[in-house]
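K.L.:
Let's have the full structure, built from the sequences with the hints guiding it.
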Amino acid sequence: MSHFRKGLWRSALAAAAVAGFVTSAAAQMELKIMAPAAPGGGWDQTARSMQQALTQAGIAKSVQVANVPGAGGSIGIAQLVNNSKGDGNQLMVMGYVMVGALLTNKSPVTLDQTTPIARLTSEYEAIVVPASSPIKSVKELADAIKADPAKVTWAGGSAGGVDHIAAALFAKAAGADPTKINYIPFSGGGEALAAILGGKVTAGISGYGEFESQVKAGKLRLLGLTSPADKATADLPSIKAQGLDLEIANWRAVVAPPGISADQKKALMDAMDKMAKSKEWQEILKAKGWEDSYMSGDAFAKNLADEQGRTKDVLTAVGLVKS
Amino acid sequence: MEAFTSLASGLSVAIQPMNLLFALIGVLLGTAVGVLPGIGPALTVALLLPITFKLDPAGSIIMFAGIYYGGMYGGSTTAILINTPGESASMATALEGNLMAKAGRGGPALATSAIGSFVAGTIATLGLTLLAPYLVEVAVSFGPEDYFALMCVAFVTVSATFGDSPVRGLSSLFIGLLLGLVGIDILSGQSRLSFGIPELYDNIEVTTLAVGLFAVGEALYVASRRHIHEEKLEAVRGSLWMTKEDWKRSWKPWLRGTLYGFPIGALPAGGAEIPTFLSYATEKKLTKYPEDFGKGAIEGVAGPEAANNASAAGTLVPLLTLGLPTSATAAMMLAGFQQYGLNPGPLLFAEQPNLVWGLIASLFIANTMLLVLNLPLVGLWVKLLAIPQPWLYAGILVFATMGTIAANPSPVELIMLAVFGVLGFLMRRFDFPIAPVVVGLILGPIAESQLRRALSISLGDPMVLLQSPISATLLGIAVIALVLPFVLKGMGRFKAVED
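Heads up: the sequence lines are chains A and B, in that order. The numbering of the first sequence is our numbering, which starts it at 13 and goes up by one. The numbering of the second sequence is our numbering, which starts it at 21 and goes up by one.
One should not assume that every hint holds.
[Claimed, not checked] Just some of the chain B residues that point at chain A, by a computed CB distance under 8 Å:
| no. | residue |
| --- | --- |
| 1 | Ala-159 |
| 2 | Ser-211 |
| 3 | Pro-218 |
| 4 | Tyr-221 |
| 5 | Asn-223 |
| 6 | Asn-428 |
| 7 | Pro-429 |
| 8 | Pro-431 |
| 9 | Gln-470 |
| 10 | Arg-473 |
| 11 | Ser-476 |
| 12 | Ile-477 |
| 13 | Leu-479 |
I should point out that these hints are in silico values taken from the structure, not numbers from a laboratory. All C-beta atoms, glycine included, are put in the ideal place defined by N, C-alpha and C.
P.N.:
Structure (structure tokens):
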């Protein structure tokens, strides 16, 4: 087994090295990126896209991606904090979902123990209804929730995840009791999609990417995105522009282990700065439909602390975290 | 007939020499990783994504399809030969397949599995060609209550099938159901029975349980028996190839397995495990040679293998028509599509016909290639069994451990593997069937969460289970399957008295 894997790694590294050599003189940085999830998910795809951009743009000599799946990232972060202390070549992909997962899992390791490096991408949440639904607008959905929150069924991803939090915030903004929402978690947005298309639930909530092709095919009606009001377009209306105070993004970022030196931190931040501006990274963002929400250093650290506070409030309100 | 014209043009894409080469690489890689427990097709596709980025979309997607089918096939090879299912879908195959291998009939077992996979894969791919747009309508209308009813059917048929005594079979099933409760409850987000161990939050890994119970348990059992009587394994007894009778006993299970695998695989939450076990249960019921089950019945290999492969084609229905990945590998393929800016979904067939039909055509080619590659290899594989037992089982232990570590790099996972190994040993020692444990672990959590979803949507009204026509029909079947044997038995007694 290990032969085969090593072989694969070798060819991957060789391909990467060749690519790096062609574009520019290869930098000396040898990075390791941990995706604290199984292959295939958003964090894994982010890590592998970074690998591609960093090597092709010649920012790093080699990039290794390792998957450490489990418990919404709780296992990965524990490894990062306990085993990689002071390692200036290690990064871990994380995102908004991890903030909630660490709280609901009562993880002994917290994000405060890591070294925040940079926020990379964001995806807004979309609220959709089946095309045959009588609900036509955000306001009508808000009215229905206000009348009886239990009768409006939501389909979305795992309990305590960004979909769940956004549904609770929607109910709160609509003036209903967020603890009473009837949120039905599915394992992943895909399975939820089937329930929404089949008209089993009132509304669906997930990243817009999950719904995009169905919305374009006219099988789902997009009520709005959780984007800022000034980002709204005719095709992608924002919920906030429709008068409901709800803004949330499912962002993804990278953090480094604790105990790295100021120089090491700066080197990692520089690498991320260069990557974010590179043509290769911008092309990936476009292909994957990820919003560029780059933010690094102290600004990101502050943002991370804010998000932790807000998430804790919501999760406590819906009863997933006992205060 | 439009579908056939499109398929023909797809075939012309797929048989370009470069694309044939990609299909070959995919099939070889897939078989290699399928043989090893732990490294599934999903991880392979993930590792290859950055490399295939440079290829043209058709080539790389054809290669992924090859990996997918190859992985399915490789998983059953180890299941048959060394009782180590590489993935949960080949567990049903291990049951009779390994017994056949031990009886010197490993050759026919591998052959019926290869040919059955080919037959099922071909029919299911045809089904994908012709029925995908209609099937997806049905699949989407399948609600949580319907899934729950389907699980009930699976529970009833499966638990009645295993072991000689229902009490032992049910005890095993309940161990599995108990293990299925461990981890974060998907509906409430709270952890249950995980004692603060983060590795347990994500539920017990099915492959860890299966490899522990089957492979490690078996190795321990063989070691414990060795000083009592040395079991002499004969690698080949009789023909290496399928005899005329083998063919006669295989073709109907192949077709029935396909009928289970394709539609259930096409359901967004269907999976490959349920059809393989349903097929196993059916073949055991319908066989003309019931005395062979438990000693290595070819029907018990032919059916589940066909179901396994057909469900793989079924998985592509929601992936291509809805953009809905229903397995880890399908999720990786979706990522592959997106890399080229393609969004699978209702518009894909219209916007990218060449690519879709090229992919479907390459599934035919991957299937043919697997058959051509693997039939000559049967003789080679079977030689594995000639390895002296202590070496063979030592090797199995090494593979099992490495595979587990590769999938989940954590000491807790290894401890679980060891504990399940001891459990498997004890269950063998005291004659409890092993498969129901794994069935319980797989089906229990699905049944629970679907029932709770159904009740949550109906605001707590249990009548929802009877109001849906699909659910009502399936529950009816479950009740009949449960009661009928007793009724027949009673009638038989009645008749006997009358005579």
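K.L.:
State for each hint whether it applies.
P.N.:
Now for the hints, and whether the structure bears them out:
{"no.": "1", "hint": "Ala-159", "verdict": "holds (7 Å)"}
{"no.": "2", "hint": "Ser-211", "verdict": "holds (7 Å)"}
{"no.": "3", "hint": "Pro-218", "verdict": "holds (5 Å)"}
{"no.": "4", "hint": "Tyr-221", "verdict": "holds (4 Å)"}
{"no.": "5", "hint": "Asn-223", "verdict": "violated (10 Å)"}
{"no.": "6", "hint": "Asn-428", "verdict": "holds (7 Å)"}
{"no.": "7", "hint": "Pro-429", "verdict": "holds (7 Å)"}
{"no.": "8", "hint": "Pro-431", "verdict": "violated (12 Å)"}
{"no.": "9", "hint": "Gln-470", "verdict": "violated (10 Å)"}
{"no.": "10", "hint": "Arg-473", "verdict": "holds (5 Å)"}
{"no.": "11", "hint": "Ser-476", "verdict": "holds (5 Å)"}
{"no.": "12", "hint": "Ile-477", "verdict": "holds (5 Å)"}
{"no.": "13", "hint": "Leu-479", "verdict": "holds (7 Å)"}
Of the numbered hints listed earlier, those contradicted by the structure are 5, 8 and 9.
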